[in-house]
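Use these hints to put chain Y onto chain P, whose structure you have.
Going down the list, the protein sequences come from chains P and Y. So that you can map any letter, position 382 of the first sequence is 382 in our numbering, and since no number is skipped, the others follow by simple counting. So that you can map any letter, position 106 of the second sequence is 106 in our numbering, and since no number is skipped, the others follow by simple counting.
There may be inaccurate statements among the hints.
If several chains are the same, the list does not tell them apart, and a pair holds so long as it fits within one copy or across any two.
[Unchecked claim] Derived lysine-lysine pairs resembling BS3-like cross-links, with alpha carbons at most 30 Å apart:
1. K350 x K330
2. K246 x K209
3. K25 x K276
4. K196 x K209
5. K246 x K371
6. K350 x K371
7. K382 x K126
8. K276 x K346
9. K276 x K109
10. K126 x K371
11. K382 x K371
12. K126 x K196
13. K49 x K346
Just so you know, the hints here were simulated from the structure itself, not pulled from any lab data. None of these values were measured; they are calculated from a predicted model.
2 protein chains.
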Amino acid sequence: MIALGSILTKRGMMNMQVLTTRELKERLQELQGQEICLQGWIRNHRRQKNIGFIDFFDGTCFKNPQVVYDGSIEDYDTVSALRVGAAITVRGVVVPSYKDPTTPEVQAKAITLEGDCPEDYPLQPKRHSVEFLREIAYLRPRTRLFQAVFRVRSVASMAIHTYFQDRGYLYVHTPLITANDAEGAGNTFTVTTLPKGSTAPDSEDFFGKATALAVTGQLEGETFAMAFSRIYTFGPTFRAENSNTKTHAAEFWMIEPEIAFCDIHQLMDIEEDFLKYLVRTVLEKCPDELEFLDKFTGGGLIEKLRSLADSRCARVTHEEAITILREANKDGRFQFEPRYGEDTAKEHEKYLTEEYFHSPVFVYDWPRDIKAFYMYQNDDGKTVAAVDLLVPGAGELMGGSQRETRYDLLTARMDELGIGRDSFDWYLNLRRFGGCTHAGFGMGFERLLIYLTGVDNIRDVIPYPRTPMNCEF
Amino acid sequence: MIALGSILTKRGMMNMQVLTTRELKERLQELQGQEICLQGWIRNHRRQKNIGFIDFFDGTCFKNPQVVYDGSIEDYDTVSALRVGAAITVRGVVVPSYKDPTTPEVQAKAITLEGDCPEDYPLQPKRHSVEFLREIAYLRPRTRLFQAVFRVRSVASMAIHTYFQDRGYLYVHTPLITANDAEGAGNTFTVTTLPKGSTAPDSEDFFGKATALAVTGQLEGETFAMAFSRIYTFGPTFRAENSNTKTHAAEFWMIEPEIAFCDIHQLMDIEEDFLKYLVRTVLEKCPDELEFLDKFTGGGLIEKLRSLADSRCARVTHEEAITILREANKDGRFQFEPRYGEDTAKEHEKYLTEEYFHSPVFVYDWPRDIKAFYMYQNDDGKTVAAVDLLVPGAGELMGGSQRETRYDLLTARMDELGIGRDSFDWYLNLRRFGGCTHAGFGMGFERLLIYLTGVDNIRDVIPYPRTPMNCEF
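Next up, chain P with everything else stripped away, as it sits in the complex (with noise of 0.2 Å):
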């Protein structure tokens, strides 16, 4: 491995290793008493009389050490006056903590600054709402709640590259400008290079085509499944909805994987497998960022996740949820009249996860006529083998199905449904040339970082989230 350990070497300054402050939190004990070099910035900077503390962050680690320095440091007057925000290098000696064994502390010897910060820095240390660090969305990397939230965020997403390319899963890049209107859903955003205003014909535009940014990557993900057995997607997605809720953003990362000889029960079986490997994953990897997001949050955190981890997911027909839900609304306590061949409400899903099932629940086969076209049609007549996952305290998590893979029934629903054949003769091919049993779901990234972090706004667990009016740095 590379350590940035040259540089104050370069720079003419003794020959000492720079650590960031994971090095330092994994190596602490053997540490111990030994001189070492610091690069990052000051969180909060107490002052008293002839000794100071830094709460001193690099980000490479949730636990910040804590910097002290007295009189006998190398210009102690500079060193005092060192404001809130500033970049620094800190050379000094690792001390046992006065605080807990586990947070780092280091006595200074010399402390310079890289890059000042003024004044009116806006992110003093002091709580500041979600809403004012929207707002300066550039910042807020810095704080805390931030910190936690992108390392969960980072570490979330290694998760899932490891759990399917542990298992033999191709990742695949499926494109983002489309000529398909794949869900038939409407509301996406054109792309185009005509300048403003134009009315020439969409022959003349880039790609020759009318163009949009997809909304899914299921179709071509399943040309690869036919390939490759197993792949997935992990990539940007994109929705032109007008909602300005807590959990709707104009662009956000989705993963699809998509399975060969895998009917809906053994989709289910990996949904499952997979949801758990994730949050032991962050359970293990970020227990300090856990622990921070859980006292933020209110309390429960972790506990949601490790029985989460713990549990056995309750697997229901949609009729039987339907059925569940009547019995329960015989007092009246749902708003929405549970019924069958309709969706469910959120209030429902509440109820069957928290109350009724206390555990994850799938529900499958729904009524066809609220479901996509290529969803594989029961032998019912009335249901398709689609599945949802719900998940307490977060709703809908995943939303996943057997694929439709006779060609005749395929086109017949297409056709009732006015989803013209025309652009998706390859997608209809597949099922002509070695067609097979096959299912894959979708899972919205930000969904699972809501359930992850607790932090309830998808706007906060994106870097710079995109919304109705909303399109800052």
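Chain Y only, in chain P's frame:
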């Protein structure tokens, strides 16, 4: 891990483990003589009197098993009529291979058809041109060439994540829809929800302003490096350049690491270490794929990659490089005269890497006037701390720089180039609020893949390439 082992019991067949060909190859010795099941597709089917050979693949392993059957198989006539492209389930016994000990061979007891394939299936077992295969991009992943290319793509993607995550870098998803025109480069795709031909003001568009697809995530990456010290991006990038070359695509993936407390020399250390890691990982994890690609592309691929993994990258300033090139040009070998203060041509890069240094070469300290506004201005008043990595057989593979951290010099340069400060106030503020020496680079992922696979056209390393007048599937 979840195996797909339960599938056959569910379908009423015998209780037997379904293996992927990857698992078969990994456990080949242990499985000798045992009965197993495989599920996948027929790539080729040769029949002789009372014996048949099926080239079988499921895409999880590049080394495909051979399935052999004879007159003793259940329903011989049906089996021997199976067509190329069909999806099948094979039950049989693992036997020693006639061909070579590393190619698995299965003596089939039963073969059942999962999905048929017609006679006019386009992928018959013969050599197809890459141009033809581009037209059936949804089927080409089933060919050996694209099984190799897209496996390398997936393995290289994972290697990129592993490299950075193991070293404490944070993975950042920078936004793709942006109101910045970061490089000042023009050639962006407009993103809009206004109806075609609309002349409504931008304030009525979805985001309330004009937006485009991002050409880089660097500037946002810098904001995260000032909070987490070491970050990387790995995501899609867009250029609306109307150039039909072998190396340009409108949509491609890019890796952009950014490191705080890092100067241009340390940046070169990181780039070199990173590139060698990627090459070594692909050599290690994709030996069969590379062997095929080596032959397919005319030989020399593996030797080229091994040589890079072992080489030491040379480092010269742009001025030194021009001096070397001018010396070499005394016999007029170059079409373009190498000049101080100007960009180098492809022929120059080729000479430096392949004839002069016989290794990759970092060329750094480039003339200020031909580089971007955000690069660190060297004391000579003429150059900036930019660095291009030139690689034998690939040309420029990475481009990076130490960033200008001095507020006054940065704004002066922006003014000089006519880049408005208003929309970059947040970027400029990074220089006011605890700025520090930092540097980063960008690598086009497809350019790396062209290098790693030996395939010479970017259209053949992207699942569904987007180029001028082409947006199929």
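**Study point:** Unsatisfied constraints (hint numbers, rising)
**Key:** Per hint list: 7, 9, 10, 12 and 13 violated.
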